[in-house]
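Given next are the chains, with one letter for each unit.
There are 2 protein chains.
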Amino acid sequence: MAEKRYLMTPGPTPAPPEVLAAIAQPVIHHRGPDYRELYSNVLARLRDVFRTDQEVLLFGGSGSGAMESAVANLCSPGDPVLVVSAGYFGERWAALAKAYGADLDHLRYSWGEIPTADEVAGRLREREAAAVFFTHSETSTGVVLDPQPFAAAAREAGALSVVDAVSSLGAVPLETDAWGLDVVASGAQKALMTPPGLAMTTASPAAWERTAKATSPRFYWDWERTRKGQQTLDAPVTPPVSLVAGLDVALAMLLEEGLESAFDRHRRLGRACREGLKAMGLELSSPDDDSSAVVTAARVPDGIDSDELVLLLRDRHGVTLAPGQGDLKGKIFRVGHIGYYDVFDITTALAAIELGLAELGAEIERGVAVTRALDAFEHAPV
Amino acid sequence: MAEKRYLMTPGPTPAPPEVLAAIAQPVIHHRGPDYRELYSNVLARLRDVFRTDQEVLLFGGSGSGAMESAVANLCSPGDPVLVVSAGYFGERWAALAKAYGADLDHLRYSWGEIPTADEVAGRLREREAAAVFFTHSETSTGVVLDPQPFAAAAREAGALSVVDAVSSLGAVPLETDAWGLDVVASGAQKALMTPPGLAMTTASPAAWERTAKATSPRFYWDWERTRKGQQTLDAPVTPPVSLVAGLDVALAMLLEEGLESAFDRHRRLGRACREGLKAMGLELSSPDDDSSAVVTAARVPDGIDSDELVLLLRDRHGVTLAPGQGDLKGKIFRVGHIGYYDVFDITTALAAIELGLAELGAEIERGVAVTRALDAFEHAPV
Numbered sequence: 000m001a002e003k004r005y006l007m008t009p010g011p012t013p014a015p016p017e018v019l020a021a022i023a024q025p026v027i028h029h030r031g032p033d034y035r036e037l038y039s040n041v042l043a044r045l046r047d048v049f050r051t052d053q054e055v056l057l058f059g060g061s062g063s064g065a066m067e068s069a070v071a072n073l074c075s076p077g078d079p080v081l082v083v084s085a086g087y088f089g090e091r092w093a094a095l096a097k098a099y100g101a102d103l104d105h106l107r108y109s110w111g112e113i114p115t116a117d118e119v120a121g122r123l124r125e126r127e128a129a130a131v132f133f134t135h136s137e138t139s140t141g142v143v144l145d146p147q148p149f150a151a152a153a154r155e156a157g158a159l160s161v162v163d164a165v166s167s168l169g170a171v172p173l174e175t176d177a178w179g180l181d182v183v184a185s186g187a188q189k190a191l192m193t194p195p196g197l198a199m200t201t202a203s204p205a206a207w208e209r210t211a212k213a214t215s216p217r218f219y220w221d222w223e224r225t226r227k228g229q230q231t232l233d234a235p236v237t238p239p240v241s242l243v244a245g246l247d248v249a250l251a252m253l254l255e256e257g258l259e260s261a262f263d264r265h266r267r268l269g270r271a272c273r274e275g276l277k278a279m280g281l282e283l284s285s286p287d288d289d290s291s292a293v294v295t296a297a298r299v300p301d302g303i304d305s306d307e308l309v310l311l312l313r314d315r316h317g318v319t320l321a322p323g324q325g326d327l328k329g330k331i332f333r334v335g336h337i338g339y340y341d342v343f344d345i346t347t348a349l350a351a352i353e354l355g356l357a358e359l360g361a362e363i364e365r366g367v368a369v370t371r372a373l374d375a376f377e378h379a380p381v
Numbered sequence: 000m001a002e003k004r005y006l007m008t009p010g011p012t013p014a015p016p017e018v019l020a021a022i023a024q025p026v027i028h029h030r031g032p033d034y035r036e037l038y039s040n041v042l043a044r045l046r047d048v049f050r051t052d053q054e055v056l057l058f059g060g061s062g063s064g065a066m067e068s069a070v071a072n073l074c075s076p077g078d079p080v081l082v083v084s085a086g087y088f089g090e091r092w093a094a095l096a097k098a099y100g101a102d103l104d105h106l107r108y109s110w111g112e113i114p115t116a117d118e119v120a121g122r123l124r125e126r127e128a129a130a131v132f133f134t135h136s137e138t139s140t141g142v143v144l145d146p147q148p149f150a151a152a153a154r155e156a157g158a159l160s161v162v163d164a165v166s167s168l169g170a171v172p173l174e175t176d177a178w179g180l181d182v183v184a185s186g187a188q189k190a191l192m193t194p195p196g197l198a199m200t201t202a203s204p205a206a207w208e209r210t211a212k213a214t215s216p217r218f219y220w221d222w223e224r225t226r227k228g229q230q231t232l233d234a235p236v237t238p239p240v241s242l243v244a245g246l247d248v249a250l251a252m253l254l255e256e257g258l259e260s261a262f263d264r265h266r267r268l269g270r271a272c273r274e275g276l277k278a279m280g281l282e283l284s285s286p287d288d289d290s291s292a293v294v295t296a297a298r299v300p301d302g303i304d305s306d307e308l309v310l311l312l313r314d315r316h317g318v319t320l321a322p323g324q325g326d327l328k329g330k331i332f333r334v335g336h337i338g339y340y341d342v343f344d345i346t347t348a349l350a351a352i353e354l355g356l357a358e359l360g361a362e363i364e365r366g367v368a369v370t371r372a373l374d375a376f377e378h379a380p381v
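Heads up: the protein sequence lines correspond to chains A and B, in order. Numbering of the first sequence is given in numbering that gives the first Met the number 0, commencing with residue 0 and proceeding in unit increments. Numbering of the second sequence is given in numbering that gives the first Met the number 0, commencing with residue 0 and proceeding in unit increments.
Quick caveat, the hints were computed from the structure, so don't treat them as lab data. Small disclaimer: the values here were computed from a predicted structure and weren't measured. Hints are all accurate, no fakes.
In this list, chains with the same sequence are indistinguishable; a pair is considered to hold if it fits within one copy or across any two.
List of simulated lysine-lysine pairs, DSS-like, C-alpha gap at most 27 Å:
no. : residue 1 : residue 2
1   : 330       : 227
2   : 227       : 328
3   : 227       : 212
4   : 277       : 330
With the hints as constraints, model all of the structure from the sequences given.
In structure tokens form, the structure reads like this:
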């Protein structure tokens with residue numbers, strides 16, 4: 000039998016068969032009534048998922064494109080901005096701000112550290128900023144922030160809050176309007192369960208005001224052009240119609256499950272993964288609490304190279320985990336549980352990790368991880 | 000029976016079932032060996048299709064994104080550029096050049112006029128330009144240029160030649176290296192027979208030199224970042240893996256047919272479409288010669304609104320043609336024959352047009368178009 004494959008990376012994530020079937024339908028014309036209806040449905044469903052009454056701007060591209068659109072539409076060269084980073088994707092905000100010639104104040108934490116809103120507020124008292132860019136779920140480390148105090152600190156200092164929610168949207172609570180998040184950038188290839196190639200952002204009235212004055216050049220990522228196109232259901236450029244059809248199905252599935260149920264499922268998936276890994280005797284490198292519902296990261300035992308473990312699991316057992324990035328390369332592995340996952344995906348990942356570590360000669364506790372995970376998924380800790 | 004649908008627009012175009020099946024495969028990780036192999040194959044096949052030894056840069060996005068990348072990577076604000084336009088997509092070059100603050104000289108023809116290289120050379124003698132932007136196949140009018148004399152005129156004036164080949168690549172001859180085209184921008188959703196969402200550009204050594212000095216801000220569309228990623232098969236951002244899998248299958252089909260055979264097929268499809276429309280008594284608005292192998296445009300008889308014809312064919316008969324754009328709105332309709340088309344697609348389009356015009360009360364010749372098209376497809380005019 001051809002080897003079965005298990006995709007356990009924190010993005011792209013597995014797409015449900017219903018979504019794959021939708022993207023395989025014959026191509027439709029983006030100016031015809033079929034697409035207009037689809038476009039309208041997807042835009043409405045996105046507003047529900049982002050929990051906003053604002054237009055959710057939909058682009059063909061990756062999450063980084065949505066992030067770039069935020070920088071390009073909000074910043075003019077020389078604008079003072081604050082970037083908060085504590086991992087790979089926080090660094091991306093800094094790279095984008097530099098690329099657009101913003102005057103960057105970089106509040107940079109070690110990878111895996113947990114930024115605090117107090118420090119952000121302090122930094123904003125020292126130096127004003129037009130916008131504060133931060134990361135809701137830092138996929139490289141597994142840290143998930145509560146965006147609310149960060150947005151409040153920005154607002155108090157007269158700055159816009161701009162949130163990378165690429166790996167968090169649909170997995171953990173996010174309230175665009177209620178929390179006063181000025182800009183939320185995301186992508187479809189994580190908890191929205193769609194193959195990669197679609198990105199989106201929201202913009203508050205304050206963000207729209209700023210956009211009108213921002214002089215950075217832009218066309219494809221231009222928010223105003225995109226909003227105009229969406230308001231007349233006439234896409235500004237040829238959209239990835241097949242992926243949009245997939246996203247429509249995926250959003251319907253997510254909303255039918257209910258966002259609160261999906262958040263609860265992700266919390267319990269994280270809990271199951273953590274308890275299973277700890278039962279094996281491994282040390283977590285992502286936080287050991289319910290905030291960590293997107294990706295779980297663990298250190299490998301001394302003497303083991305985590306890159307080697309990831310390769311072995313992939314090549315010998317068909318299970319794809321994510322390796323450590325940057326400073327954490329070789330030291331950790333990451334298990335994604337974003338989107339189309341249930342507890343048996345977690346037990347598969349744990350069984351594979353147990354097997355792989357044993358094959359590499361690591362001394363780990365065997366035979367306990369799966370049962371502990373099943374138990375943790377069902378029963379919240381007392 | 001549910002209505003059968005026929006997509007006859009000049010983009011997006013129908014994707015072969017094999018391509019749709021490929022994009023519906025389970026999602027794979029873009030940093031794993033499966034994707035690296037796919038990425039490598041696609042990049043090699045793209046070089047064959049572009050007929051270049053240079054790296055073909057692959058992006059998630061639409062053809063307009065590839066065009067924007069050319070402007071962003073070649074131009075600094077204030078750079079003098081020449082844009083040659085004679086339709087909707089020529090205007091896009093002008094809009095992009097303006098968005099990036101280039102000092103634009105706009106050689107603007109009426110829609111449907113055929114630009115000449117002599118006029119371009121004359122314009123370049125009057126005012127120097129860093130780059131000349133023009134359109135190989137103007138999808139809004141059906142005009143296809145020979146890019147060679149335009150590239151030569153640019154080269155002679157010390158300017159880079161930048162070609163929009165979105166609807167031409169794979170349908171009509173295009174030799175990136177042999178013709179000295181500095182930059183060729185294209186997309187996968189036309190003759191490359193893949194659902195929309197992938198764009199690509201080439202860059203000559205002279206273009207790369209210029210890129211190193213261009214100060215326009217860019218990240219997602221940055222050529223150097225993209226080239227570095229491709230050279231290590233490590234995509235710079237999460238790519239649309241499913242669409243790339245589809246493109247791989249489509250490129251293999253195109254190369255197996257052979258580019259010269261594909262060009263010949265497109266020439267004969269254009270010929271069949273023109274002869275059929277003329278047999279009905281319609282006047283062509285696209286050129287009546289073999290250059291016009293991508294999209295055929297025809298005027299509707301007096302008293303008929305072409306928008307109404309397009310709506311009727313789509314809503315009553317399931318056949319989607321493209322309407323006229325801009326100045327040509329209401330006056331013409333366009334039949335795309337780019338990519339996955341054979342002669343029976345043309346006869347279907349002609350049969351539908353004959354039926355629709357008759358239903359609208361137009362006086363046309365009935366019962367001759369299909370046979371004339373079949374004959375023209377088989378036999379070149381003497």
